[in-house]
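K.L.:
Listed below, chain by chain, are the residues.
2 protein chains.
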Amino acid sequence: MFSTRITKLLGIRHPVICGCMQWLTRAELVAAVAEAGGLGIIPAATFDSIDELKQEIRKTRQLTSKPFAVNVTLIPMGRPFSHAEMLMAAIDEGVPVIETAARDPQDYVDMIKASGAVYLHKCARVRDVVKAAKLGADMVTVVGFECGGHPGRQDVSTMVKVARAVNAVDIPIAAGGGISDGRGLVAALSLGAEAVVMGTRFFAVRECPAHDDIKAALVSADEASTGLVLTTLEPVRALRNQVLDRVGELENKGASIAEMYPLVSGRRGLKAYMSGHADDALIPCGQGVGLIDDIPTVAELMDRIMSDAGMAIERVEAMVSVPNQRG
Amino acid sequence: MFSTRITKLLGIRHPVICGCMQWLTRAELVAAVAEAGGLGIIPAATFDSIDELKQEIRKTRQLTSKPFAVNVTLIPMGRPFSHAEMLMAAIDEGVPVIETAARDPQDYVDMIKASGAVYLHKCARVRDVVKAAKLGADMVTVVGFECGGHPGRQDVSTMVKVARAVNAVDIPIAAGGGISDGRGLVAALSLGAEAVVMGTRFFAVRECPAHDDIKAALVSADEASTGLVLTTLEPVRALRNQVLDRVGELENKGASIAEMYPLVSGRRGLKAYMSGHADDALIPCGQGVGLIDDIPTVAELMDRIMSDAGMAIERVEAMVSVPNQRG
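From first to last, the protein sequence lines are chains W and U. Residue numbering for the first sequence follows this note's numbering, beginning at 273 and increasing consecutively. Residue numbering for the second sequence follows this note's numbering, beginning at 273 and increasing consecutively.
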């Protein structure tokens, strides 16, 4: 229903990107998003080897002929392979869209651009948006304070950050953080974005591999059910639960990362996702969780987002009074 | 240019409310906003006596025949008169719109409603929006985490909170926090709001009585130039400066409010506003300060907001592809 520079660039029908979520945006979910007209993203951080990443890319391609992306988040991952090796795997497999995130991508841009892939960078500060544009990114995703996972350290909300990012660069901007429905999509487009990134909303869909009890916890949560931890290190927004509270206590006491690691490790999250124990780990999710009331299929969700977006536009248009009623 | 339930209820041309700011939204600014087609609000908290409040209301009425409001924020103010006396003064003077804020307004609703004034309540939690609607408020203003002054304690952003508030009640919602231009107005309307509240943007206008050097500090600030203090008490978002840093340090050490009071008092703020020393006090302002680049008149600003809003709608409409282009 929308045609923007981003839908054209990515070759997608709808300006909706399913944000990459470690362990969750696996082939089935990524392919379902692609088939529904959006862009899904495979996070390289999910895999224990380059071969597993390549297998997942191939599996995704078997499930859809439409475009999808691979994300390489440029923070240390404690894996026996480098960020460059992950990027090269995606390039070797001919993935059409590659996303870097979180740190300066300077060392990798040439390699990605030479491959012919569409290149996007995801970041949380306007200055990083400007840097990515200068380096040659085709588009940038910018996320606000309210987003799940890693909102950065500036605590600047989506409403302000997106408008500022749009002012700052000429390349198109995708907006993430606090957007869970068609109204949020139209709000982001109004600010000047040309697509949205939704993570939490695609956490609570049928095709997401998390246990049903985790998805039920998201449906039960409201807009105030998330909190930030690791704020002095690399802030993470997650569901409020006993682990989040405990990590917060440890942080306030000045605990080392080694002391907190057993509580916040990705493996602990994976185990909780699969077993359904929403209290046993950090469950990254954004404030947009307060707008989630059900567990639709990806296709149902995408139809609803587009339908709600259409209604939001009609509602705003109906508020515009004709010029001679001015004054 | 827009007609919504709120423009009709308040009798204003544009769905733009200038948020009340202690010391700043005086008669001249409030009247300028009214003359430009929005709603200005006189904060009762600016005055040392009921008589001064009444004089200000009369002065405003001399400057404009259009509607304006009086705000009574229901937190202890350390003044020798009560919240009820302030409300009664506004009622006695026939102020057409009365706003309560911050605390449960239950004890005052009958009195306000009986006066025939339009009654609005301003709050920062969805549960308070619901309560205000039940009590009989004609509309509610809800402010997000990014707003200047008092964003509440839930840290929920405008993008999420406004959508949730619209879902929760049938009365119209005005949205505040992070909105400084016409794009933000259209974004808020897209979420389902029927007006916006802008505080910080109207701080940096010609008619605002603050010293030019304070306004220059707002123009210099970017979206990350604000911080929250008094988070365990009643959070305040203000410009990052030496006073904000010092209060933050005292808070972290567990200082009492008595120890912090000399730094955060309203009188200290008033003195800084008037002398132009932006480093000498807490200067409440929201993240939307990052979108402010000049000091227009209120009339110029309102024209620009409406013009930018029109362009934002056109831009979104241009993104909508015709049905037979759907994929």
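Honestly, the hints are just simulated from the structure, not real lab data. Cβ atoms here follow ideal geometry from the backbone N, Cα and C, with glycine treated the same way. Watch out, some of these pointers could steer you wrong.
Stated by the list, open to error - Distance ranges between label pairs, derived from CB positions:
1. U/Ser492 with W/Gly388: 41 to 47 Å
2. U/Asp382 with W/Asp565: 31 to 37 Å
3. U/Glu589 with W/Asp565: 26 to 32 Å
4. W/Arg478 with U/Thr503: 52 to 58 Å
5. W/Met383 with U/Arg587: 44 to 50 Å
K.L.:
Each hint should be assessed against the structure and marked as holding or not.
P.N.:
Checked hints:
1. The beta-carbon spacing between serine 492 of chain U and glycine 388 of chain W, approximately 43 Å, falls within the hinted interval of 41 to 47 Å.
2. Here the CB-CB span from aspartate 382 of chain U to aspartate 565 of chain W is close to 35 Å, well matched to the stated 31 to 37 Å.
3. Range check, glutamate 589 of chain U to aspartate 565 of chain W: Cβ separation about 29 Å, and the 26 to 32 Å hint holds.
4. In this structure, arginine 478 of chain W and threonine 503 of chain U break the distance hint of 52 to 58 Å, their C-beta atoms being roughly 39 Å apart.
5. In this structure the hint that methionine 383 of chain W and arginine 587 of chain U lie 44 to 50 Å apart at CB is violated, the actual value being about 35 Å.
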